[in-house]
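With the sequences and hints as input, model every part of the structure.
Number of protein chains: 2
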Amino acid sequence: MNSKAMVYIQSGGPTSVINTSLYGAIKEAQKHPEISHIYGSLNGIEGLLNDRIIDFGKEDPEQIELLKQTPGSILGTSRHKLPKDFHDEEYSKILETCQKHNIGYVFVNGGNDSMDTCYKLSLLCKEKGLDIKVMGVPKTVDNDLAITDHSLGFGSAAKYVVNTVKEIILDAVCYAKGKVYIIEVMGRNAGWLTAAVDLLPEEARPDLIYLPENKFDMEGFLKKVDALYKKKGNAIVCISEGITFERDTSNARIDSFGHMQLGGAGADLAKIVENKLGYPIRAIELSLPQRAYSFLTSKVDSDEAVMCGTIAVQKALEGMTGHMIAIKRVSNKPYKVSYEPVDISLIANVEQKVPTSMMVDDSKMAPSFREYCLPLIQGEIPVQMENGIIKSCVLKRVLVK
Amino acid sequence: MNSKAMVYIQSGGPTSVINTSLYGAIKEAQKHPEISHIYGSLNGIEGLLNDRIIDFGKEDPEQIELLKQTPGSILGTSRHKLPKDFHDEEYSKILETCQKHNIGYVFVNGGNDSMDTCYKLSLLCKEKGLDIKVMGVPKTVDNDLAITDHSLGFGSAAKYVVNTVKEIILDAVCYAKGKVYIIEVMGRNAGWLTAAVDLLPEEARPDLIYLPENKFDMEGFLKKVDALYKKKGNAIVCISEGITFERDTSNARIDSFGHMQLGGAGADLAKIVENKLGYPIRAIELSLPQRAYSFLTSKVDSDEAVMCGTIAVQKALEGMTGHMIAIKRVSNKPYKVSYEPVDISLIANVEQKVPTSMMVDDSKMAPSFREYCLPLIQGEIPVQMENGIIKSCVLKRVLVK
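Those protein sequences? They're chains Y and G, same order as listed.
Per this note's numbering, residue 1 is the first one in the first sequence, and the count goes up by one each step.
Per this note's numbering, residue 1 is the first one in the second sequence, and the count goes up by one each step.
These are computed hints drawn from the structure, not numbers from a lab.
Only a predicted model underlies this, so the values are computations on that prediction, with no experimental measurement involved.
Among the hints, a few may not be true.
Identical copies look the same in the list; a pair holds intra-copy or inter-copy alike.
[As the list claims (entries may be wrong)] Straight-line C-alpha distance at most 27 Å; calculated DSSO-like pairs for lysine-lysine:
id	residue 1	residue 2
1	K31	K93
2	K315	K336
3	K271	K215
4	K391	K177
5	K315	K81
6	K336	K27
7	K333	K364
8	K396	K179
9	K230	K177
10	K401	K177
11	K336	K100
12	K230	K276
13	K315	K27
14	K84	K126
15	K4	K128
16	K391	K299
17	K84	K177
18	K396	K232
19	K364	K232
20	K230	K81
21	K353	K100
22	K353	K364
23	K391	K179
24	K177	K396
Below, the structure written as structure tokens:
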């Protein structure tokens, strides 16, 4: 039998379960003698570009188990965009690394930008007639990947956001004289993660929810906040980082995919509320923990992450390439899914937004959103602690020569 | 037997375990027929001022159990400062409420500002010869109460900060081209909570830790950040919200105790770093969850919170007044404490800072800090979830007529 090595790539922003998919892939690969070595590419596609590849065979099995409770991308990540022209030197470098290490299977775990990388690699291998299978594993807390019912990492991020916003509200309502709270949630141009706060029970639900899918109506917003504050002495507003209104973005950074580095919309909006309405205000940016936190991982999300990693390996071994493992919701009560490979060309660079049918108006979600989202935050997974601090996977990262 | 009612007051900023102390007090009070009713004062001392008192006897026992996993002040809180002059009308109002409801025991659960309230009330009752016992229960995530070894709420806040900063660092190190991270931690004029990040294992410890106890050396700070970034491509800095440097505080709010509402130091410092050094930067304010979060409660903190509530009730029944239950560390290995009542006049309005002996220099903690702090974050407590969301205590809040 002609066995070949596999290499795993983590790409784009980290999530709570990106390392869990890697765990699933490693565990599955270990069962198959057709896979000679299990490698990891350091810092996304850059590892293949610069021949920085590590061997999971050299790692401690106990550390591999800890992958399931380690957020962030254990292999490092990258936002590097591959060039359009397949004659570019970058592609020769990548193929050189693949040939050097006898790599026959490449897995790219990422969001829609990363699926662009995955797509280009699979096309290149097909064009060159190389026996390298390239498969995608979906991941993004933004939940904006097309075709798949939802993306890995979203359920855990949603669970973090829901529970953390609940705790913030419990804190906020302690004061007789309240404030206007503007809580900023991630999600780029999609409002999925912000909308998740709608899952809260009514007594602890934010008053207003603003998603980037709607044009932001500043006048209407200020009126609603004013009315809430006058009525109950506080107002809890959740906004997506991607909502747009007139603000100074001259200092914003742009990444190599042309996306602006977001964040700060809440603080900017708070200043406007303070100036226009004069109420005491507090802006809270949920920031990095919302996308990669181990203490509020959804079991549904974690289990699905393992499955997608597992199935990607199985499908590659069956000879499939250029596909991403999508999640299809088979039924909602009880919640059941199936895993189906989808042609990556249908996914790369496409953004899936929150549909209008899931919103009542520009600041309130419809019940259909709740039906969609609630199953995704279900179940808890226990974490191992040591001296009051969570144990995380630490790799030796021995480079393959 | 002449039984009397007790009233419980929560005061100042919420913590993860302020409701746990209340739980301890309720459970103890239920054992004693000398206590006729268990009341709660809504919004701190304002409840006694405005006769807004609720009866825990009317609440569902299941909700009382949930107090142990409900952060925030379930009774509402206040930062109202009582006047100096005992002839002030406010005092007559308070005593009127006490007499109306036959209150013989008052418990004030709070930080050093709240102990001022507690002190004044106990003095007033003594002066007027009233048979009302007033006892204090220590609480503040700032850990700046004098005499007590540590304050309730600090251990859980420290555990949250330690673990959350660990997760932020795991996220931060994913990128080949890193950033300067400025993480802002609470604590007012004391650096205890910021210093807690020193408990992290070396591979995930912030590079620099700045406490308000030291004069902030901007030039030295910029030099250190520059050297770190040049060496390893990122820099992780934790600062206390209370560090002082030249910044625009013209819009800051002042509370009734004369304290400036802090927050935003990290964002301001980040702007300076960006302007002076030009490195990519991200400011993260841990914000409200750090002081009141249920998912990272320290069992040590929670158990001690129950004990302080319990003992405060016992001591009041023994006839004690004008004292706060302080925690004394009896031994460190194994960690053991005793609970000792301390005269509140020694505590009110005094701030306990991090001693110089616990610091190596202005950006590094000494091993003695670790020895002090590590026992306080030990042990986890399981939380009850429902549909992926934490269950929290909800009270009916029936007002006593």
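Cross-check of the supplied hints:
1. K31 x K93: neither (30 Å within a copy, 76 Å between copies)
2. K315 x K336: within (21 Å within a copy, 57 Å between copies)
3. K271 x K215: Cα proximity of K271 and K215: one copy only (20 Å, versus 30 Å across).
4. K391 x K177: Classified as between: cross-chain Cα gap 26 Å, same-chain 41 Å, threshold 27 Å.
5. K315 x K81: Answer is within: at 26 Å inside a copy they meet the 27 Å cutoff, but 68 Å across does not.
6. K336 x K27: within (23 Å within a copy, 44 Å between copies)
7. K333 x K364: Only inside one copy: K333 and K364 sit 24 Å apart there, 54 Å across copies, limit 27 Å.
8. K396 x K179: For K396 and K179, only the inter-copy Cα distance (23 Å) is at most 27 Å; the intra-copy one is 48 Å.
9. K230 x K177: within (11 Å within a copy, 47 Å between copies)
10. K401 x K177: between (64 Å within a copy, 24 Å between copies)
11. K336 x K100: neither (42 Å within a copy, 60 Å between copies)
12. K230 x K276: For K230 and K276, the Cα distance is within 27 Å only inside one copy (14 Å; across copies 44 Å).
13. K315 x K27: within (15 Å within a copy, 59 Å between copies)
14. K84 x K126: within (16 Å within a copy, 83 Å between copies)
15. K4 x K128: Answer is within; shortest intra-copy Cα gap is 18 Å, inter-copy 89 Å.
16. K391 x K299: Both. Shortest intra-copy (18 Å) and inter-copy (18 Å) distances satisfy the 27 Å Cα cut-off.
17. K84 x K177: between (57 Å within a copy, 23 Å between copies)
18. K396 x K232: Between copies only: 18 Å across chains, 55 Å inside a chain, cut-off 27 Å.
19. K364 x K232: within (18 Å within a copy, 45 Å between copies)
20. K230 x K81: Close across copies (25 Å), not inside one copy (50 Å); limit 27 Å.
21. K353 x K100: neither (41 Å within a copy, 59 Å between copies)
22. K353 x K364: within (16 Å within a copy, 46 Å between copies)
23. K391 x K179: between (38 Å within a copy, 24 Å between copies)
24. K177 x K396: This pair counts as between: shortest inter-copy Cα distance 20 Å, intra-copy 53 Å.
Violated hints for the displayed structure, listed by number in ascending order: 1, 11 and 21.
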